[in-house]
Amino acid sequence: KQEVTQIPAALSVPEGENLVLNCSFTDSAIYNLQWFRQDPGKGLTSLLLIQSSQREQTSGRLNASLDKSSGRSTLYIAASQPGDSATYLCAVQGRGSGTYKYIFGTGTRLKVLA
Amino acid sequence: DTAVSQTPKYLVTQMGNDKSIKCEQNLGHDTMYWYKQDSKKFLKIMFSYNNKELIINETVPNRFSPKSPDKAHLNLHINSLELGDSAVYFCASSQRWPEDGETQYFGPGTRLLVL
Numbered sequence: 001k002q003e004v005t006q007i008p009a010a011l012s013v014p015e016g017e018n019l020v021l022n023c024s025f026t027d028s029a030i031y032n033l034q035w036f037r038q039d040p041g042k043g044l045t046s047l048l049l050i051q052s053s054q055r056e057q058t059s060g061r062l063n064a065s066l067d068k069s070s071g072r073s074t075l076y077i078a079a080s081q082p083g084d085s086a087t088y089l090c091a092v093q094g095r096g097s098g099t100y101k102y103i104f105g106t107g108t109r110l111k112v113l114a
Numbered sequence: 115d116t117a118v119s120q121t122p123k124y125l126v127t128q129m130g131n132d133k134s135i136k137c138e139q140n141l142g143h144d145t146m147y148w149y150k151q152d153s154k155k156f157l158k159i160m161f162s163y164n165n166k167e168l169i170i171n172e173t174v175p176n177r178f179s180p181k182s183p184d185k186a187h188l189n190l191h192i193n194s195l196e197l198g199d200s201a202v203y204f205c206a207s208s209q210r211w212p213e214d215g216e217t218q219y220f221g222p223g224t225r226l227l228v229l
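Line by line, the protein sequences give chains A and B.
So for the first sequence, my numbering puts the first residue at 1; every next one is plus one.
So for the second sequence, my numbering puts the first residue at 115; every next one is plus one.
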């Protein structure tokens, strides 16, 4: 059974810092991994999608890496800004069940201080 | 021009009542989903529909019944509401069935509180 864990659960950093959010999963048989952002009281916004054959994806100040063999992904945020404050969720789409469903992690609550 | 919309945004009701949540997407997507986010912020898939056909039905009580009248709509009806049903329910859509990975677009959520 696929389990997705995100560490740390919460993170508070001063503005301008580079930071790394971690996501680990127990079953390496995945189709892809997505990173989402959730703002308080809002829905989820997809940030980056990494296919199982890829090792990283970049969008602006965000860079996500994927190491399937070790069951890990990282989301790197460069030069953090107060507007980056949100909860970041990773989700993996597993091969095992054959249903292509996404399993979500519990999220990392990020606060960037001005 | 909301891509995925849900109504209502907030729903407060008594135990035992029956309620519905509606979802509409104007993206022309084939696939729609319902997720439940509990008080610990854990997000879990409930149902997935592809071209109006139910594909995924997780271990969800049969008090929950999804209905997809057309590809743009996926509604969720809940019978005999219980306290444990209190959560945020998110609707999402993707262009196709995610065999090769599809970006999912989420609605703003419906906050259900059962008293």
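Don't read these hints as lab results, they were simulated from the structure.
Glycine included, every Cβ here is placed at the ideal spot set by N, Cα and C.
One or more of the hints may lead you astray.
For the chain A half of the interface with chain B, some residues (derived, Cβ under 8 Å), not all of them [said to hold, decoys possible]:
id : residue
1  : 43
2  : 46
3  : 61
4  : 68
5  : 89
6  : 106
Footprint (simulated), chain A over chain B, 3 or more residues, beta carbon under 8 Å [said to hold, decoys possible]:
id : region
7  : 134-143
8  : 151-158
Results for each hint:
1. 43: For residue 43 (chain A), the interface hint holds, since the closest Cβ of chain B sits about 4 Å away, which is under 8 Å.
2. 46: holds, 5 Å
3. 61: Interface hint status for residue 61 (chain A): violated (19 Å vs cutoff 8 Å).
4. 68: With Cβ-Cβ at 13 Å, over 8 Å, it is violated.
5. 89: This hint holds: residue 89 (chain A) lies near chain B, its Cβ roughly 7 Å from the closest one there, short of 8 Å.
6. 106: Residue 106 (chain A) check passes; min Cβ-Cβ to chain B is 6 Å, inside 8 Å.
7. 134-143: violated (count 0)
8. 151-158: holds (count 5)
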